[in-house]
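K.L.:
Knowing the structure of chain A, use the given hints to seat chains B and C on it.
In order, the protein sequence lines correspond to chains A, B and C.
Quick note: the first sequence uses our numbering, first residue 245, plus one each step.
Quick note: the second sequence uses our numbering, first residue 304, plus one each step.
Quick note: the third sequence uses our numbering, first residue 151, plus one each step.
Treat the hints as calculated values from the structure; they're not laboratory data.
Just so it is clear, the structure is predicted and the values come from calculations on it, not from any experiment.
Idealized CB from N, CA, C, for every residue including glycine.
Zero decoy hints are in this set.
Simulated crosslink set (EDC-like; lysine to aspartate or glutamate; CA at most 16 Å straight-line):
#, chain 1, residue 1, chain 2, residue 2
1, C, K517, C, E550
2, B, K360, C, E429
3, C, K542, C, E437
4, C, K332, C, E354
5, C, K517, C, D555
6, C, K561, C, D520
7, C, K524, C, D555
8, B, K430, C, E409
9, C, K365, B, E307
10, C, K332, C, E357
11, C, K218, C, E466
12, C, K387, B, E307
13, C, K328, C, E354
14, C, K328, C, D551
15, B, K426, C, E429
16, C, K503, C, D287
17, C, K457, C, E512
18, B, K430, C, E434
Here's a subset of chain A near chain C, in silico, CB distances under 10 Å, partners left out:
#, residue
19, H380
20, G385
21, S390
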Amino acid sequence: MMKMKKSVLSKRIAVVVLILLSAAFPYLGFSPYYLHLVTLSLIWIIMTEGLNIIQGFTGYVSIAQASFFGIGAYASSLFVLKLGWTFWASLPVVLIIVAIAGLIVGYPSLRTQGHYFSIMTLAFCMVLWLLMLTLHNLTGGEEGISQIPPPEAIFGIDFTNRVNLYYLILIVTLITIFIIYRIKNSKVGRAMETIRENEQLAQAIGISLVRYKTLAFVISAMFGGLAGCFFAPYMRFINPSTFGADYSMNAILAIIMGGSGTIGGPIIGSFVMNFLPEYLRVVESLRMVIYGLLLVLITIFMPQGILGVVKQVSAFVMKKVTKPKDTDTDTKKTVA
Amino acid sequence: MFGELTQQILNGLVMGSYYILIAVGLSIVFGVLSIPHFAHGSVVMVGGYVTFIFVNKLGVPFILAMLISMILCAAFGILLERSAYRPVRNAPPINAFIVALGLVMIIDNLMTSIFGANQVIIKSPFKSTYTIGSAHVTSLRLFMIGACVVLVAALIIFMKYTKLGKAVRATSQNREASLIVGINTNVVTAIVFGLGSAFGAVAGSLIGALFAVYPTMGTFITQKGFAVLILGGLGSIPGAIVGGLIIGLTENLGSMFISSEYKDVFAFLIMIIILIFKPSGLFGGKGK
Amino acid sequence: MKRLILSLILIVTMVLTGCGGGSKASTSTGSDEKGGTETLRIGFNDSLTGAGAVYGLPQQNAIRLYFKQLNEAGGFEVGDKTYKVELVELDNKSDPTEAVSATRKLIDKEGVNIILGWASSGATKAVSAVIGVEYPDVFMLVGTAGEESITADGYANVARIRPPGGYTGDAAGRFVAKEGVKNLAIIGQLKDALYEQYTTHFVEEFEKAGGTIAKTETFALGDRDMYSQISSALAAKPEAIFVPGYVEQAAFVYRQLRENGYDGKIYGFTGGSEAQFLEVATPEQMENVYDLRPVEGTIEALGDNAKAYAEAYEAEYKEPATPNAIYAWDSAIALVEGMQAAGTVDDTKAIIKALKDMPTPESVALKYVDVDGKWFDPNGQTYTSNIALLFKDGKWTYVEDLPADASVYSKYMTSLAEANK
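For reference, chain A alone in the conformation it holds in the complex (with noise of 0.2 Å):
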């Protein structure tokens, strides 16, 4: 019991510390080139926090979270340049957009399983990603969309400042972690794992199989735009070639390597997508080698990804810990 409540507390005051570190990061002194990273690891995290509950949660792995991601983008910005309507009023309409793009990809694409899933998904991001190059009138083709003006100010704050855009997507982020939190630890996330675990079995128990593999396809959708539409407005400028199949496995990735189906996987393996290629660069011409060579000795000998490692590294360490009080109460005892 005891024991329990320990582990509460300390996991509330890691979070809190984090967010306050996070708070803090603009002011503690690194060159704004970090905070351009971070802000992209934030975007990162919302995605991958989103493409988690169907990856990780529900088990079914789809390629198209980068195509989401692209429509996110595209429909805000066209919003705003194209309909002169404000970031804040357009952001609810995107994401009923992609929504129902979500709909449209996972109607078919839930209707088969494992490969044969992954795969739809993955011409539905091919097909995507070729009408946002070719329908020039409105996509701009591979030219792309430029000169994307930041969130209009609310409460007096200027988002063209990029601290305060910085703010704006962490509070963004910390949302998002809180959301999925939630559903993880409810009816609904425990369905989607049950789902998971053994798909006859959830049916057999009652489960839903439609209603919760498509709710989990079109929130994790909606993540993914939502992430798309701070990404326009951060970067200035959008075209095709970040909305490709490639983007979509990053992200798969990401998760896979910080530890599918947690909420600190996506932020772990956020973070190491956009960090990792700094510390490669030493080795600059052999660098997606040794990430490739990492990438298998990881699945192969790691398959919990980073965080299970933690879990397997703190388990050995809480062991060897707790063991020695044992033994001297023993020794009390047998001398009393």
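P.N.:
Quick look at chains B and C alone, frame taken from chain A:
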């Protein structure tokens, strides 16, 4: 219009043969071993480079070089299975997927470091052009169709009439039962990966002569290959054949009748449409 | 849970150590030990890997060579100081997001305020959107990237050597009409902005002169199978075929056209060297193929400076320069000329102003058309001459100049810039 139609159908048959060669390799690996070999495209690429070295650098005749490439790639494929896929055989399927992605990164980037990022073109001995009506076709493109027909026929004969082939089919139907009956599944696994990679080597060599080989070509090949596979039904060789032909023809006829702007997506659109009506693919029965 | 804490500690450690290397931005100049010369750090951001590497790597070679020669000659003087150049190079992998990250690193962490390079249009455009707004004191001087709006967005700190695609497209359209072609088919990489812009202007001028377009077919970057596009285009029985696209793609189109029985004239816009084409097509197949492009690295249409550059490049790198590398070479020259004219290496606004105030200097390799007597027009754009080349006996031979009015086009670009503001 009729003249163009003949030409486009011919175009479709040539590319269809290429897709079949790739999809068959993927199909036997997936059908027998249930492994989605996402690194297959990289094997195809390596096969192309091996033939390139033997033909362009060492002056070996094309067909002989292709045969050498088939043998070397078969060994390469078996090595990949042993070192990377086997350790994750009993893990959740997504692990094999990730391992494959890692292999792709390693292989593609090593090849880039060795050969550079630029394309290489294999010198082919096929130099003539024929006309069929008003349609033109080079001898190399006819050879592509011919090679596909010959090799697929050989594979079907192997699977149906030889002892090893029957062992392979037995393993694909029921792995445990095959073990009990005394079939050495490790040998079967090696044969399957070897055959699949050999087919990949042929595809890589032919495409390297017709177009070019370059280190990053693998990803798109794998994607198209799986589209063909899923369309035809995972694990079915007739499915791979029909799927390859459908996609080859659709791309060219779609480009003719609709627009060449969308040529790249016809394959994926057809796949989506067919899967909406038959989620296990045209000839697929397994469903997963 | 302990694992959550530990994993969060892991992230924090990683982020902080990753950031560790750069709390202080280095300055762009620094004193050299040996007598009096200062080191001037200049940034270089280009496609060293990825689809654009065929254009980016030669640019890197050209710029490195130029500054190597300059440094070995003792550096260059601005005001009363002598400077040697140190290049700070980063690869943007032909990817827009990566290009922005690399640029921010160059500016925020490495402390440079001038960046050369820029071959891929997508990557360049992404960066210009950021640099124009967030880093007005940084000078972005573009080499090869061809997409028009890079200098029509109205950012004062972005300039470019390579002329916009449409400017050459206009001239090319008139040329093809002049050749007597009435019915033309297009097989092009039309999803890419540069080729699409060139083609739009080409078609406008061609149709104005009485020509018609029989069929338009599209292929994508990376494609090599153009058989179906070719079959469709030939079925429309055109008198000639126009092929705008990357050199590797165009080479396959030319070969496949010949294989399919087409012997007529082919007009291209590709900017490829003989070697690049002959890798794919035979000299016989390349007969009757034109290239209608800015003069680029066609040395026989240029002067002695160009010859010296070409020889030095080949001596250094053991292979001839690609046509586009000369843009990078001249961009390095532009930088030095601008600094010397403005009398400063730090004040980028003054350097840009100086470039827009001067006529074309003697030191350049390319042949330019001054706009109202100025080398760089008000949009920061230069205009080179345009030429027609014909492939004959295994080589590109210079046919003639394609006349085009640079000041008219410059005004057109200015109107685009006004609209974008």
